[in-house]
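Colleague: Mind docking chain X on chain F? Use the hints.
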Amino acid sequence: MTERELIEGCLRGERAAQEELFRRYSGKMLAVCRRYARHEMEAEDLLQEAFIRVFDRLSQFKHQGSFEGWIRRIVVHTVLKHFRKASTQREQIGLPEFVEGEYIDPSALQHLQEEELLKLIAALPDGYRLVFNLYAIEGYSHKEIAQLLGIGESTSRSQFLKARKTLQAQLRKLLSIFV
Amino acid sequence: MPSDERFEQILRDKLYDYELPPPMHLLHGVVQKRRRRKLAIWVLTLSASFLLIGGMGWWMRQSQATKPPRQLKPMMPQADVAASVSNDPVAQRPAEFVRGAVAASENQAGLQEAKLSERALNPLPRYLHHAVRTQHADQGGLVKRRSRENTLTQLPIAALSSMPNTLRHRQLAMHNGCPSQFDKKWHSALFAEAYTGPWMGLSQIRGRRPQFAFYAQARRETESPRLGYTAGLRLALLTSKGWSARVGIEWSSLHERFYYEQENEERLIIITRYDEWGNVIGVDTTIEVGTLIRHTTNYIRMANLPLQIGWTYRSDNRRWTWGGQIGVVGNLGLWAKGDLLSPELEPVSLMEADAQYYTIFKPRVGWAASLGLSCSWMPIDGLRLFVQPTVRRWRTSFTNDNYPLRQHYTEVGVQMGVRWQL
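So the protein sequences, as listed, match chains F and X.
Each residue of the first sequence is one higher than the one before, starting from -3 at the first, in the working numbering.
Each residue of the second sequence is one higher than the one before, starting from 2 at the first, in the working numbering.
Chain F with its partners taken away, still in its complex shape (with noise of 0.2 Å):
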């Protein structure tokens, strides 16, 4: 089934056109959702909500680009509202500490696996944590995130930044447990 009919058959309300599009991009965006929660069943409940909304507008999508960064998008927008609404529950962590230490080799990255990553990045403050996701693999500038968070931009800089040597410190250690 093409883009294209899977999209028109979601339209007409086919189940298995559904259940199609769930199957072909849930995991990746599960994913995605992994990286922004604080835990799984956060992420599934993100994932949920972000699929209503992606069925919800389906039919706003103008086969203009990517259908999968289309998708992204509503994901990402999906968590950020989920952040913004519960800012008034949000974790109240103090910061990690975190130490100026020594190079660590970014090749040594290569040998983790991607779910020891999700666990490092979900053991950041939210702050931190939104901040790095967008800047770092999603790709948006800080003036972007500015706009999306509603905060500053040296404010997102610095939290990167914070964010980034958190991470870091966190992987020396991990590092040195396999080492």
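Just so you know, the hints here were simulated from the structure itself, not pulled from any lab data.
Glycine is no exception: its CB is placed at the ideal position from the N, C-alpha and C atoms.
Warning: the hint list may mix true and false statements.
Unchecked claim - Beta-carbon label-pair distances, calculated as ranges:
1) X/Ala214 to F/Glu112: 26 to 32 Å
2) X/Pro22 to F/Ala119: 46 to 52 Å
3) F/Gly148 to X/Ile327: 56 to 62 Å
4) X/Ile327 to F/Gly9: 25 to 31 Å
5) X/Glu222 to F/Met(-3): 32 to 38 Å
Modeller: Only chain X this time, still in chain F's reference frame:
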């Protein structure tokens, strides 16, 4: 720093396209949540419609109740009318009096005397309408035609105030909540309607592709419509000009008969024989050949949200009304029960609880266009009985898209009910 950039690059490469196994168990939740949200939207729309129509009706009623009666501008000084009335020997007779008052006022205004027909001398309201409607007055070279709506506003206030109470009531006030159809000003009243009646769904079954024509024919031959019912509650807003708007909630049950007959049906009967201690001493196997008959009544039940606009004509005494309504009906849910012929031409159940089931109907079926004619009669003040033959055509097929046949429905029936003013 290059190492930081490299660090980010590796993370991006590893995580951007990282894929987990598709969590198919979440799809059911997505479908359920979407369904619940759509239902919530329907419920909110229904509540908002109720509130809107109810609020409009209440507001218009309040505004009518708080406004003083319309002050009619006299065409001549009241003292002169009073004088002319007091000199009139037939002033004690209301009909004659009003005729005299009209004539006096017209003469005073320099208009031609009205040509009163025999008919105009009869019941007073009719007289008033017809008399003035037939007049043409030439004022300053311009021909002015008076409309019947202007009749009362042209009367001297003294004449109006001397009318019998019943007449004045008919002309100026709402009669049992029914606004006057001949008032120039818009009035409205809010009513509740409860109805029920016989209802029938006529299905049109067609194959989605030509190769399914045989199956469609087989289904048509095994199913036939039977009489069902409908029942509902609705709010109606009626205006003085005869226009109406209705919104409500409705429950319909479409009934169909499923009849399946299969000759030369073979049935294997196995009888095990035991001795007195419970040991098996033999097994008899018999094959019976006969005709299998399956006869079921199918029920397709629907919760609907009807929205209608219409126009109503009222008889002079307002006892009778006739009208027409058009509208849309949104379906809130559909539940089917019974049997049907599967694509393998086997009788199967529509119920998921049954062993052999085959679900073909959608949980909701969109909307239908409806057309109705109505007639009502008022046996006592404030209460009206009505009959409304209605036909309704559903826009979309009732069946799922992956089912090989389309099944459209046209509903016909008569809604019979009672209407009372709120």
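Colleague: With 26 to 32 Å as the target window, see if X/Ala214 and F/Glu112 comply at their CB atoms.
Modeller: Because 60 Å falls outside the window, the suggested range is violated.
Colleague: Taking 25 to 31 Å as the hint, is the beta-carbon distance of X/Ile327 and F/Gly9 inside that range?
Modeller: 27 Å, holds
Colleague: Between the beta carbons of X/Glu222 and F/Met(-3), is the distance compatible with 32 to 38 Å?
Modeller: Since X/Glu222 and F/Met(-3) have Cβ atoms about 35 Å apart, the given range 32 to 38 Å holds.
Colleague: Please test the hint of 46 to 52 Å on the beta carbon pair from X/Pro22 and F/Ala119.
Modeller: Roughly 23 Å apart at Cβ, these two residues miss the hinted range, so it is violated.
Colleague: With 56 to 62 Å as the target window, see if F/Gly148 and X/Ile327 comply at their CB atoms.
Modeller: 58 Å, holds
Consistency note: the structure conflicts with the earlier hints numbered 1 and 2.
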